[in-house]
Amino acid sequence: MSENVTTSEPASPEAGQSGTVVRPNLVRRLLKNPLGMAAAVIIGLAVLAAILAPLIATHDPNTASLTDVLIGPGENGHWLGTDSAGRDIYSRLVWGARVTLLSGALAASVGIVLGLPTGLIAGYFGGKFDGVASWLVNVLLSLPGIMVLLAVRAATGPSVWISMIVLGVLFAPGFYRLTRTAVQSVRNELYVDAARVAGLSDARIIARHILSVVRAPVIIQASMVAGLSISIQSALEFLGLGDPLVPTWGAMVGDGFRNIYRQALNLVWPMLALAVIIGGFVLLGNALRDALEDLEKVKAKHRTDTSARGSLGSAPPVEAGTEGILLKVSDLGVGYPQSDGTIKKVVDDVSFEVNRNEVVGIVGESGSGKSQTAFTILGLLPDNAVVTGGSIQFDGNYTVALGDDRVPQSRLVELRGKRISYIPQEPMSNLDPAFTIGSQLVRPMVKVLGISKDEAKQRAIDLLASVGIPDPPRTMAAYPHEVSGGMAQRVLIAGAFSCDPDLIIADEPTTALDVTVQAEVLDVLRELQDRVGLGVVMVTHNFGVVADICDRVVVMQDGRVVEQGAVRQILRDPREQYTKMLLDSTLEDKEPLTRLLVDAGEGSA
Amino acid sequence: MLRMIIRRLVSGVAVLFVVAVITFLMLYISAGDVGRRILGDQASEEAVAAKNTELGLDEPVLERMGDWFSSALRGDFGKSWFTNEPVVDAIMNRLDVTLVMVFVSITIIAVVATVAGITAAVRRGWADRAVQIASIGGSALPGFVIGVVLINFFAVQRGWFPAVSRIVPGASVGDWVNSLTLPIIALVINGAANAAAQIRSAFIKQLEMDYVRTLRSRGISEREILFKHVLRSAAPAGLTVLSLQFIGLLGGVVVIESIFAIAGMGRLAVDATTQGDLPIVMGVVMYTVAIVIIVNLAVDIANGWLNPKVRAR
Numbered sequence: 001m002s003e004n005v006t007t008s009e010p011a012s013p014e015a016g017q018s019g020t021v022v023r024p025n026l027v028r029r030l031l032k033n034p035l036g037m038a039a040a041v042i043i044g045l046a047v048l049a050a051i052l053a054p055l056i057a058t059h060d061p062n063t064a065s066l067t068d069v070l071i072g073p074g075e076n077g078h079w080l081g082t083d084s085a086g087r088d089i090y091s092r093l094v095w096g097a098r099v100t101l102l103s104g105a106l107a108a109s110v111g112i113v114l115g116l117p118t119g120l121i122a123g124y125f126g127g128k129f130d131g132v133a134s135w136l137v138n139v140l141l142s143l144p145g146i147m148v149l150l151a152v153r154a155a156t157g158p159s160v161w162i163s164m165i166v167l168g169v170l171f172a173p174g175f176y177r178l179t180r181t182a183v184q185s186v187r188n189e190l191y192v193d194a195a196r197v198a199g200l201s202d203a204r205i206i207a208r209h210i211l212s213v214v215r216a217p218v219i220i221q222a223s224m225v226a227g228l229s230i231s232i233q234s235a236l237e238f239l240g241l242g243d244p245l246v247p248t249w250g251a252m253v254g255d256g257f258r259n260i261y262r263q264a265l266n267l268v269w270p271m272l273a274l275a276v277i278i279g280g281f282v283l284l285g286n287a288l289r290d291a292l293e294d295l296e297k298v299k300a301k302h303r304t305d306t307s308a309r310g311s312l313g314s315a316p317p318v319e320a321g322t323e324g325i326l327l328k329v330s331d332l333g334v335g336y337p338q339s340d341g342t343i344k345k346v347v348d349d350v351s352f353e354v355n356r357n358e359v360v361g362i363v364g365e366s367g368s369g370k371s372q373t374a375f376t377i378l379g380l381l382p383d384n385a386v387v388t389g390g391s392i393q394f395d396g397n398y399t400v401a402l403g404d405d406r407v408p409q410s411r412l413v414e415l416r417g418k419r420i421s422y423i424p425q426e427p428m429s430n431l432d433p434a435f436t437i438g439s440q441l442v443r444p445m446v447k448v449l450g451i452s453k454d455e456a457k458q459r460a461i462d463l464l465a466s467v468g469i470p471d472p473p474r475t476m477a478a479y480p481h482e483v484s485g486g487m488a489q490r491v492l493i494a495g496a497f498s499c500d501p502d503l504i505i506a507d508e509p510t511t512a513l514d515v516t517v518q519a520e521v522l523d524v525l526r527e528l529q530d531r532v533g534l535g536v537v538m539v540t541h542n543f544g545v546v547a548d549i550c551d552r553v554v555v556m557q558d559g560r561v562v563e564q565g566a567v568r569q570i571l572r573d574p575r576e577q578y579t580k581m582l583l584d585s586t587l588e589d590k591e592p593l594t595r596l597l598v599d600a601g602e603g604s605a
Numbered sequence: 606m607l608r609m610i611i612r613r614l615v616s617g618v619a620v621l622f623v624v625a626v627i628t629f630l631m632l633y634i635s636a637g638d639v640g641r642r643i644l645g646d647q648a649s650e651e652a653v654a655a656k657n658t659e660l661g662l663d664e665p666v667l668e669r670m671g672d673w674f675s676s677a678l679r680g681d682f683g684k685s686w687f688t689n690e691p692v693v694d695a696i697m698n699r700l701d702v703t704l705v706m707v708f709v710s711i712t713i714i715a716v717v718a719t720v721a722g723i724t725a726a727v728r729r730g731w732a733d734r735a736v737q738i739a740s741i742g743g744s745a746l747p748g749f750v751i752g753v754v755l756i757n758f759f760a761v762q763r764g765w766f767p768a769v770s771r772i773v774p775g776a777s778v779g780d781w782v783n784s785l786t787l788p789i790i791a792l793v794i795n796g797a798a799n800a801a802a803q804i805r806s807a808f809i810k811q812l813e814m815d816y817v818r819t820l821r822s823r824g825i826s827e828r829e830i831l832f833k834h835v836l837r838s839a840a841p842a843g844l845t846v847l848s849l850q851f852i853g854l855l856g857g858v859v860v861i862e863s864i865f866a867i868a869g870m871g872r873l874a875v876d877a878t879t880q881g882d883l884p885i886v887m888g889v890v891m892y893t894v895a896i897v898i899i900v901n902l903a904v905d906i907a908n909g910w911l912n913p914k915v916r917a918r
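Heads up: the protein sequence lines correspond to chains G and P, in order. Quick note on the working numbering: the first sequence kicks off at 1 and runs consecutively. Quick note on the working numbering: the second sequence kicks off at 606 and runs consecutively.
Here chain P stands alone, though its shape is the one from the complex:
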């Protein structure tokens, strides 16, 4: 078990490193005339050149990458080219909204998808068909379409929720709840639909296992088989499904935050991309991948603990 955790940690750091190298090279090799973009068309050639020098853009890419890594290791991801705000601050100031949305969503998705998936797998019949149809529908609709529909119905036409987020520093709990309800519903619809279908098939697969039949032959009740044995055996597959959904949510918030004008990390990423604020883009990518790696590690540990073969080692 411990060896597995260490191996995963090392692998996670390696992933982070590889992603950093690729992203850095991709972003900075084709960076173009950044000084001009920052200073605008009116600025003189000299000012632009001075800006480029100030940003270190005339140095070779590899050297800049070295600099970036050495400061990144000290927790410094550079500064925004446009606002001069340190990248770490820019992200940390917006991370809380994003994480609240993602974690609330994944919790609701876990509950809804597990209940729906198990019901469909065990009862079959109409419940099964309903879950299957709902999950095709829910996963076919793009997240932004769902978001736009929700905003149109419940914010623009009915006015039950704000169409634009009211979350600012020091906002009340009520503002948070009001502002995040629709975005979280939009995220959950997509994710739960997808996860329910997969949890359903994981359960059906376990229910068809030989040992389930043998347990029945021993006089163990259906309820006990389902909640003690099948649930336990299907849990790793379920957790893996949820970890993939979690990654999907980190992408989903990018769109949803833009629709609902939420000042989170996703919105930051979109704005930085539009402007070409490469240090911010780089920082957001690193943070996102790091979060994914941590969650995947947690899932691996949970799965290892559930599996006696791995636990023993």
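So here's chain G without its partners, still in its complex pose:
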């Protein structure tokens, strides 16, 4: 049994696993954000003013007075003065809130009424409807809003409501696209399939499962659209194209602007009102989005932190007697800070070693911390990850020393690509689609090995041949989308070997491939490894891969090492219940995606 068996200390409820956290109330989250609170207060006050307009206005907003033209604030009972027709500015502001809010709401509602159902249908059923609707959307998106409103105004005369309906139509594409994308992304999710199998009608599925997905983004979009509509509508009023009998803030700005030399203050009030209310809606949308994202992930910490800490001086010398070990991971911990100030550990107290000419497998379910461990070795963790403890040494030098809370990039930059290289999981997404395969192989060799481009090309061709690619020059000239997944993975393996590394970190290198291709790719990997004699860390969930290629294996669960040892021993005689279950699930050829029902780690340790 290894020295790192999980103790019986109770793990925190969230450790290592996601998806089990209860979603806190979105509204509460929103109001906790100061900007969200401010936006809510602004819009709340405006709504209040709009409702109470008849009560709190001191004058009739449209009553002109030739004797009280353009007087200053406080005179003759006009709190904010009067405009060029002698109308009370304060009362017009209050009544203007009504038109402003109603017009924003109208445009947003029309946008939703047109965009949401069409987006649902196009996303859910696709087909011809989708084609026609998408073309129409492109037409609408290529029309400048104000120009359309001018044409409508020329045709129908001044009306706030008609122009807001038209504006709603112009904003419908935003809602349409949002809904369509959201629906397409969940359409083939398991739970929707399950509902379909259970015999629910399409309408029920849309109502129950799909509307809940689009609700939040649509609300955010509606908030933005309301702000934008008010902005555009007030521009029309400002130009004098609105209904003169309806008091609006835009028209008030226009009046103030025309009398800018006589009473400049008249400009300030309506502009302030507009800026505040539009800002309110935009802030509300932003705060809603933040609140929503907060629920899903914690905001990334600043990268500046990483570079600052990473550039700290040199690491202390390693413990005597361990210089010869290629890779030594000791008591490593990695975590992600949460919004409540705690750190969620995804790797905890992990120790293992890799020697030259040795393949070590790290096995575990998704969420076990195996990939996080691999990325820590490479120094390629996401920005917000922190090292919570332990150290990593590579060939006699620390890459992560005790006390480092980030992976120091200055040390890894010297090693990555040169002595430590990486084979990713998903072949297609790991090649840059905009560059040829050849250039993506040649460039690192030129850079790292300092050889000429022609030499690198020749080397790349040899490498591609050695990973079993039939026509290397043709593959070199191809773009990633022109080759198969198996080919792309061979290219990535060739890339990993291209600069003569001492250690290769392979992150599930065969998972994304067809079963037949998997075996071939593993063969290629094993053969190259044998020939060059380097160390390999093989991250996988599959004991088949372990049996095939590894010398030793480390079993991980919930960020901790459950047991480790020689492959033969672990396969024949797993000590831990958890290892047995992993072995069984491999035999059934299933990927254990979720936490197993019986929690082996806690029970038997």
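Among the hints, a few may not be true.
According to the in silico footprint, chain P covers these stretches of chain G (three or more CB under 8 Å from chain P) [said to hold, decoys possible]: (1) 149–160; (2) 234–247; (3) 323–332; (4) 442–453.
Straight-line Cα separation of at most 27 Å, DSS-like style, residue types lysine-lysine; simulated pairs [what the hints assert, rightly or not]: (5) P:K914 <-> P:K810; (6) G:K418 <-> G:K457; (7) P:K914 <-> G:K453; (8) G:K447 <-> G:K457; (9) G:K447 <-> G:K418; (10) G:K344 <-> G:K32; (11) G:K418 <-> P:K833; (12) G:K344 <-> P:K656; (13) P:K684 <-> P:K656; (14) P:K833 <-> P:K810; (15) P:K914 <-> P:K833; (16) G:K418 <-> G:K453; (17) P:K833 <-> G:K453; (18) P:K833 <-> G:K447; (19) P:K914 <-> G:K457; (20) G:K128 <-> P:K833; (21) G:K457 <-> P:K833.
Hints are computed from structural coordinates only; laboratory data are not their basis. Owing to the predicted nature of the structure, the values given are computational and were not obtained by experimental measurement. Glycine is no exception: its CB is placed at the ideal position from the N, C-alpha and C atoms.
Since the structure of chain G is already known, use the hints to place chain P on it.
Here is chain P on its own, set in the frame of chain G:
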């Protein structure tokens, strides 16, 4: 690639046609008593009727639409009802100011938004927050409010720039620069704020791609990853953002030209709308949509060229 261009061209012509039909029907079905509006209250019933006949207003709408299309195809968009100036001349005489404003603005927006967006995406931290706050502020303020504030501070109070455009036929370069500085600043503030936020998210999305991590693992430097790979992959999203900003600018100039009294196409549109000069309105709509279609086509071609999947075809 060629097929894509042809398809887009055909689609563009179709859009132009559809927009023309809808706009024409909308404008002319409800045109009302145009003769009376042109001749004023004093004119006799007979004169008004004669005017309506002269303008062809007693013919059925569809027939008039046919006439309009057949002359439009020959480059004749009719004459202004109020000034008798040919629509094409009226627009062409004012198009240059508008296009100068729009193109200078979009160029500045492209530079400012790209630099700010990339800085925010790459450096995160305070730079990111500054860009985000600035872009919320800049896009929340309506363009005309920005214009009015600029005029008030820099033209009315300080007198550094003219409050009313000095651009007339034969105006000097200095007059152009002086007259267009504030309007272009007003247009840029709105557009750059908006575009910066979107370019920022396009960059962040690319920076989080798997291939970026793999490039790092191969020993490629951050600078090279950023300027060779990420910039290239984020460019299509950036171009699309800018093409939408361009459409927004064509709307923005309508307001800005009115504020700064610039005799451009936007001002023409507002005046024609106020008067009910339908041939001019129709012409401005067609010109605007045509410009948008051309720019969108150019963006599509650029995006196609950037994307090897499209380029190959």
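Comparing the hints with the structure gives:
no., hint, result
1, 149–160, "holds (count 7)"
2, 234–247, "holds (count 6)"
3, 323–332, "violated (count 0)"
4, 442–453, "holds (count 4)"
5, P:K914 <-> P:K810, "20 Å, holds"
6, G:K418 <-> G:K457, "18 Å, holds"
7, P:K914 <-> G:K453, "26 Å, holds"
8, G:K447 <-> G:K457, "13 Å, holds"
9, G:K447 <-> G:K418, "10 Å, holds"
10, G:K344 <-> G:K32, "22 Å, holds"
11, G:K418 <-> P:K833, "21 Å, holds"
12, G:K344 <-> P:K656, "80 Å, violated"
13, P:K684 <-> P:K656, "14 Å, holds"
14, P:K833 <-> P:K810, "16 Å, holds"
15, P:K914 <-> P:K833, "18 Å, holds"
16, G:K418 <-> G:K453, "17 Å, holds"
17, P:K833 <-> G:K453, "17 Å, holds"
18, P:K833 <-> G:K447, "14 Å, holds"
19, P:K914 <-> G:K457, "24 Å, holds"
20, G:K128 <-> P:K833, "39 Å, violated"
21, G:K457 <-> P:K833, "20 Å, holds"
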